[in-house]
Amino acid sequence: MTSTTTASRAPANPRRRRPTASARRERNAALRFISPWIVGFVVFTAWPILYSAYLSLTDYDVINDPTFVGLDNYRQLATDPKVALALWNTLVYTVVQVPVYVLLALGLALLLDRAGRSAGFFRTAFFVPKMTPPVAVGVLLLLLFNGEYGVVNQVLGWFGVDGPAWTTDPDWIKPGLVLISLWSVGSSVIILLAALRGVPTELYDAARVDGAGFWRRTRTVTVPMISGPLFFVVVVNTIAAFQLFTEAYTAYFGAGSSTYRNDAALFYVIYLFQQGFEFLHMGYASALAWLLFVVIMLVTVVQLLVSRRLVYYEGDRR
Amino acid sequence: MRRRGHHQGGSNGGRARTGRRGVAALALGLAAATAGCAQGTGDDDTADFSGDEQLTGELSVMGFGLGDEIAQVRHDLAVEALDGPDVSLSEGELDVQAFLSAVASGNPPDLVVATRDQIGTFASRGAVVPIDDCLEAEQVDTGVFDKEALSQVTFDGAVYGLPEFDTVQIAMANGDLLADAGLSMADVDGSDWDAMAAASQALTRSEGGKLSVIGVDSKLPEFLPLWARANGADLLSADGRTAQLDDPRVLEALEFALGIYDEQGGFATVKTYRDSADFFGAGNQFATGVLGAMPMETWYVNVLNESSPDAPLAFGPVKDRQGEPLAYATGSAWAIPSGAENPQAACRYAATMTATDSWVAAAQERADARAESGQVFTGILTANTEADQRIRTELVDPQDAPAPWDAAIDASYTASEHTFTLPANPADAAFETAWQDAVNRVLNGQQEPRAALEQAQQEAQQALDEAWAAWDEGEGASQR
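Chains as they are written, first to last, in my numbering: chain S, 1 to 318; chain G, 1 to 480.
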C-alpha cells in the first residue's frame, strides 16, 4: 500500500531521466573503485558457488572429467544414514551452543560495562583467546578435557564432582565442544560491549527513578536497546555452529586421531570434507554443501521473521 | 532479470531481446566454463621411459624431505645417478589435495612419495601411471622387494609404485612388571589369547579407583587387521574387491581385543590414562612402569632407546594363534604422476632411491651416527629384502647390541619376514574409515561388535563396488 501511494506521487517514469555527465562520471569512478572487490567476489565467491551447483549434479573425483548424473547425488542424500547422523549432531550442537555462547557473551559484556578503569585490560584479556588458531583449540580440547587427568576434571574434582570422559564418551563429546567453543567468546563480548556503551544513560536514569533494580533495568532497558547487535551475534554464531569444523576435526578426525574418531563428533561439514577430500566424491560433497546452504538459509529466515517481533532498531518505524 | 525484461517488453522490445540474448550468452558461457573447468587427465595415463640419452630438464618431487641421513644419502646418490636434471623437493607429507589438483590442472610434479595404501586409489583414478616400462628401462629387479609391499602398489596387475620402508609391529613389554607377575613375553605376544587376557588382568593395577597400570593395550582400532589376521582372517579379499569385515573370525578378534579393555574398566579409561603419558619422552609408559605390554610399530624401539635406554624393556615378535610371527606392514612408495614432464628422470631417481646399494650406504651413515652418539643401531626395514639382509648382516649385529635391544632387533627382522598387507584397492580411504569407525563405535559403547561390523561391511562394500565399477567401466576397460 505504502509503495503504491508513493509511486503515484512520484514523477512519471523517473528511471528514464538520463543521468547527467557528472553523475555518470561519479558512477563510473565508484565502479572503478569497487572493481577489485567485484572481481574478487566474482572469482572467489560467486563463481565457486555456481560451480559447486554444477558439480552437485555430477560424479567428480577431482582427477577425471565430471560426469553428469542429474539428481543422483541429491537422491543419495536422502538415503545416506550418515547425512542424518551428521545433521542431527550439528543441530544438537547448534541448539545448545548458541544460547550458551550468547548468554555468556552478554553476561561478560554486562560485567565489563561495569568494570570501570580496568575495562580495557579485561577487554583485551577476553579477546586474546580469539587469536588462538582453531587447530590449536582442537588440540587444547583433548588436553583440557582428558577424562582422567585433564584440567577441567581436576577442577571439578575440587568440588567433589567426578568429571565425565569428555573426549571419549559419546554423550559428553558435544558438551565438551560447546565448552571449548566458549574459548573464543571474546569477539562477541566486544560487539555487545560496544552496543551497551551506546545505550542512552537517561533511559537507565528514568528506570532508576521508577525503582527498577539491576535485573529489571537489564531486562527492560538494556536487552531491548541492544537487541539489534544481540540478534547479529545470534545469527552469526548460529551459522558458525552449523559450519563447525576445524576444532572438531582436529580433535577427533585429524591425522593420528584414529583412536578419537567418534560418530558423536561427526558434524555435517566434517562429513562433507570426508566425502569431498578423503573419498574424492566431490560431486556428492557439493550436493551436501547445497543442502547445508538450504538448511542455514531456512534457519536464518526463521530467525529474521522472529526478529521482527523481538528486535528493536533505533529509527525503525515499527 | 527475467521480470524486468517482461515489464519492459512492450515499449522496449529491442532491449528486452538484447537482455535475453545477454542472459542466454551468460548462461551458455557459464555452462561452457563449468564444463570446461574440471578437466581431467583424459587419456594421458602413460609415460615414455625409453631412451638412453642424457637426462635433462628438471625433476620436481612432492612428498619427500631430507629430514635425516637415510633420506639425504639416498638423495645424493639419486642426484648423482641423474647426472644433469635439477631436483626440487616439495618437502613434507604428501598433500593429497594439492597433488590431485596439480594433476587435474595439468601441472603435476614428476614424482611423488605416497603411503602405499594410497596407490590403488591414485591408480584407479589415473593420477599415477604404471611403471612396468620404467622398471624395465632401469633394469630394476622387482624380486628384491618385499612381496607384500610390492603387492600393495600393484593395482589390477600393473605395478604403480616402488615401495620403500616397512613399518611392522612387535610386542613390547615392561620386563619388570612381567617378572613380578610371573609372566613372560609368550604370555603377551598374542599366541595364546586366553593367556594374554589373563596376563592383562594380572598386570593391571588400580589406585583409589583409578587405573594406575595398564595391563595390556590391544591398540584398537588401528591394529584390528593384525588381530584379525592372527585369527586367520583378512579384512579385504586378495583381489581388493570384497570386504570381509563380517567374517566371524574378524568378529572374534574384535571381541578379544575389546575384552582386554573391558577388563581394565573400558576403552575410555585406558585411553584417557594412556593419553596422559609422555609418549615420546623419558616419562613414557614403559619407563614409568604404567604399561605392561602392547604391540607397537618398530620405530618406537628407537624412541625408547633414545628417551629411556635403561627402562626394563622386553621385546618379541607378535604371533598368530598358531604361534607364528606376524606383522601388518605399511609403508610408502614412489609413484610417477600422469602428465609428469620428466618421467625418465623420475624413474631413475626412484629406482636409485630404492636400490640395494643406496639403502646400504644410507644405513652405514645411520649406523655411524648412532655409534658416535653412543646409541644402538637397530637397523632399518626398507621393503627391499636384499637391502634388509645386507644391512642386517653387515651393519646390525644383535650380538653387539646390549639387552634388551638385541631382542628388539631380532623381533623386528623376524616380523619383517612375516608381513601381510591390505591389498591395493580404489577405495582405500572409505574402506579404512568404515572399519575404523565400526571399531570406534564398539569401543565407545555405541554399538555391539556384530552390528558394528555388519554396518561397516555394508559401507565398505558399497564404497568398493562403486570404485571398482568406475574402474572396470572406464580406465580399466580401456587398458584391457
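Keep in mind the hints are simulated off the structure, nothing from the lab.
Note that CB positions come from ideal geometry on N, CA and C, so glycine has one too.
Incorrect hints may have been included.
[As the list claims (entries may be wrong)] To list a few chain S residues with every Cβ distance to chain G over 12 Å, as calculated:
(1) Arg117
(2) Val128
(3) Val269
[Claimed, not checked] What follows is a list of derived Cβ distance ranges for each label pair:
(4) Leu143(S) x Gly209(G): 47 to 55 Å
(5) Thr45(S) x Ser212(G): 54 to 62 Å
(6) Glu58(G) x Val302(S): 52 to 60 Å
[Said to hold, decoys possible] Partner residues are not named here, just some residues of chain G that face chain S (Cβ under 8 Å, in silico):
(7) Gln54
(8) Thr115
(9) Arg125
(10) Gly126
(11) Ala127
(12) Ser151
(13) Pro221
(14) Tyr273
(15) Asn440
(16) Arg441
(17) Pro449
Status of the hints after comparison with the structure:
For Arg117(S), the non-interface assignment is confirmed: its Cβ lies about 42 Å from the closest Cβ of chain G, beyond the 12 Å cut-off. No beta-carbon of chain G comes within 12 Å of the beta-carbon of Val128(S); the shortest separation is about 27 Å. Every Cβ of chain G is farther than 12 Å from the Cβ of Val269(S); the closest lies at roughly 16 Å, confirming the non-interface assignment. Roughly 23 Å separates the CB atoms of Leu143(S) and Gly209(G), a value that falls outside the hinted 47 to 55 Å.
Distance hint for Thr45(S) and Ser212(G): a CB-CB separation of about 55 Å, consistent with the stated range 54 to 62 Å. The given range of 52 to 60 Å is respected by Glu58(G) and Val302(S), whose C-beta atoms sit roughly 57 Å from each other. Interface restraint check: Gln54(G) against chain S, minimum CB-CB distance 32 Å, threshold 8 Å, status violated. Given the 8 Å rule on beta carbons, the hint for Thr115(G) is violated: about 11 Å separates it from the nearest Cβ of chain S.
Evaluation of the Arg125(G) hint against chain S yields a held restraint, the C-beta minimum of about 4 Å falling below 8 Å. Because the smallest distance between the Cβ of Gly126(G) and any Cβ of chain S comes to about 6 Å, under 8 Å, the interface hint for this residue holds. Because the smallest distance between the Cβ of Ala127(G) and any Cβ of chain S comes to about 5 Å, under 8 Å, the interface hint for this residue holds. With a least beta-carbon distance of about 23 Å to chain S, the hint placing Ser151(G) at the interface is violated under the 8 Å criterion.
The restraint placing Pro221(G) at the interface with chain S holds, with a minimum CB-CB distance near 6 Å, inside the 8 Å limit. Using the Cβ-Cβ criterion of 8 Å, the hint placing Tyr273(G) at the interface with chain S is satisfied: the shortest such distance is roughly 5 Å. The restraint placing Asn440(G) at the interface with chain S holds, with a minimum CB-CB distance near 5 Å, inside the 8 Å limit. The restraint placing Arg441(G) at the interface with chain S holds, with a minimum CB-CB distance near 6 Å, inside the 8 Å limit.
Taking 8 Å as the C-beta contact cut-off toward chain S, the hint placing Pro449(G) at the interface is violated, the least distance being around 15 Å.
In summary, the numbered hints that this structure violates are 4, 7, 8, 12, 17.
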